[in-house]
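Residue strings, one per chain:
Number of protein chains: 2
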Amino acid sequence: MMLTAAAASAQTTTWNDPMKAGYPTVQNQAWTSEIGHSYVRMPDRAEAQVRKPLWDLSRNSAGLALYFTTNSPTITVRYKISGAQTMPHMPATGVSGVDLYRIDSVGGQDFCFGSYSFGPKVQYSYSALAPSDLSGADREYHLNLPLYNTIDSLEIGVAEGSRFSFLPKRTEKPIVVYGTSIAQGACSSRPGMSWINIVRRNLSDYPVVNLGFSGNGRLEPEVLALIAEIDAEMFVLDCMPNLTQKSADEARDLVLAAVAQLRKSSDAPIILVEHAGYSNAPTNAAQLDCYTRLNRGQRQAYEQLKAQGVKDLHYVSHDELAYPSDAWVDYVHPSDLGAQRQADVLTEKIRSVRNH
Amino acid sequence: MMLTAAAASAQTTTWNDPMKAGYPTVQNQAWTSEIGHSYVRMPDRAEAQVRKPLWDLSRNSAGLALYFTTNSPTITVRYKISGAQTMPHMPATGVSGVDLYRIDSVGGQDFCFGSYSFGPKVQYSYSALAPSDLSGADREYHLNLPLYNTIDSLEIGVAEGSRFSFLPKRTEKPIVVYGTSIAQGACSSRPGMSWINIVRRNLSDYPVVNLGFSGNGRLEPEVLALIAEIDAEMFVLDCMPNLTQKSADEARDLVLAAVAQLRKSSDAPIILVEHAGYSNAPTNAAQLDCYTRLNRGQRQAYEQLKAQGVKDLHYVSHDELAYPSDAWVDYVHPSDLGAQRQADVLTEKIRSVRNH
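Protein chains in written order, with this note's numbering: chain A, 1 to 356; chain B, 357 to 712.
What the hints contain is simulated information worked out from the structure, not anything from laboratory work.
Any given hint might turn out to be false.
Reference excerpt, derived from the structure (chain A facing chain B, CB under 7 angstroms, subset only) [stated by the list, open to error]: (1) Pro-91; (2) Ser-135; (3) Gly-136; (4) Ser-189.
Interface residues of chain B toward chain A, partial, derived using beta-carbon atoms under 8 angstroms [claimed, not checked]: (5) Pro-444; (6) His-445; (7) Thr-449; (8) Arg-458; (9) Phe-467; (10) Phe-474; (11) Ala-486; (12) Arg-546; (13) Met-549; (14) Asn-640; (15) Ala-641; (16) Gln-696.
These figures come from a predicted structure and were not determined experimentally.
We put the beta carbon where it would ideally sit given N, CA and C, even for glycine.
If we strip away everything but chain A, and leave its shape as in the complex, we get (with noise of 0.2 angstroms):
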């Protein structure tokens, strides 16, 4: 049940790389004056004030997106990466994987399948995507970025003799979403089922970006430091699956100083998110009472906060996130059925903020 990639192969290609655009094409990145020449999430400066683990997770592509147009009826993509191309419980397509989706005349999002190839070097080839010469007009494409690899370096590769142009980064103040493995987007099947990338498609490709740590998005202060340096829309803290090590009373005092340090810098609205649980709460008593106990403790500084003033802070509860009983692949990574559901509850969240 393949299909051929005969068309992509029949014609010479042009390759064309983000980097050479001469204007900042990396979509859904922060600090672009430092780091628009790559596909990292975070400057290199951090190196020296993070934590390894996290420094290294920063170069994962996760959330970023090249946006282009042509009217080439073949697209190829293709790249080098420097990670593991694969965990037991995410596929290839998701740890390392591009996914690309073409805008409608109404600005709706359509799915583009390539034929993929995976190694140090990646290629996915897209074709028949209509009409099959160059006579048609323009199309914008959006290209997801993989979610748990890091990308060296980059080409889209287009018919010879069509029209193509990266468009350049927007410049919209971004939502930041500061998370854990589950914003990096472990475990789609592809990087734009990332709950993330969801919620971006459900606001129009409004910049929204990744900080989200696999096992690594703690609430920590050199962390928030960084991050309050990004002049942002609105912050998302999403960190409690990371603080299993917590006591409810220490998730409740992260959270008091998360907030606080984002206010010196920022008047925008923070989004405070619960642990969506553990599908094996039901028959494991000690990771009911892990997630209980960290969202108890964020509630105690929910309520804390508003109850001093603090202005714009908002809260998505466990309840609210009400995952189905199988949204997970394992005990705490949503498959694609729980980043949908996480994805459609932090979209409307972030549409009632706006309205607030």
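Model the placement of chain B on the given structure of chain A, informed by the hints.
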């Protein structure tokens, strides 16, 4: 964010082999008298009748399950597999993993998380299944077997001194599904999330036989001859996605012949399922043409058979399936999001057929 399996290793384990229970223990298997001593899906004599790719796929344990009761606080499943552990778009947990659910006091099912290790030998270790000693009453567990791998041998380990019993195979006339890779379980993140296994859970674990054969579910008479041997409650024919090379007329004729072949030996209800479509149909005219062509052919067969007075024939259309636009991992294989949708629609249809 991994859990330790310390509890499982701290005590001596007693191993139980389903093949040595003295009675059939493999759930959702047809031809039990012939193959109940194995984790395969077709009798050995089929090797001489069907194409080799289909016979090879019939060695995979898709849809098979083991039910047991125990009061052990720990459960370990260890087994040997002989196929590839993973696919680029389907993780090891789905291709080669198992999924344990615990039956609750009102018949609901709670997912249990086990830490895992993959290789030619696979092990899942479940701990902290409360209570933590052997003081508890027996609980019933259902173990879903790998979707895309072949089990050579399997054992279930429990704490020494605990009670343990395999439940005998359920004896109701099964629902039999003949289908494609999608029916076999591609590309669910874990066995419990294949659409057929979700349907089975929705129906209180009423037996559902999975005869999905990746790429090889083609309404072939030699396969239908074998299927017609099964004394089924209901048949589900879901082969359209493997008929991509056929015209509408050829698809129609295959459906007409398939229904006639089953009706020779059975009056059981038959549900015809349309192709759920392709994720990239909006961007690829050939893909749009393909699934609509096949569905047109099957619909003609359905109308013709109804006009001929064939009884108890039912239909699930593409519009009823109504996958969300991001329900697929690639162009045709549903992720957990799509599988949940397929299962919800088929569950409703099966219920309505039963009440027909």
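Going through the numbered hints above, which ones does this structure break? Give me the numbers in ascending order. 2 and 3
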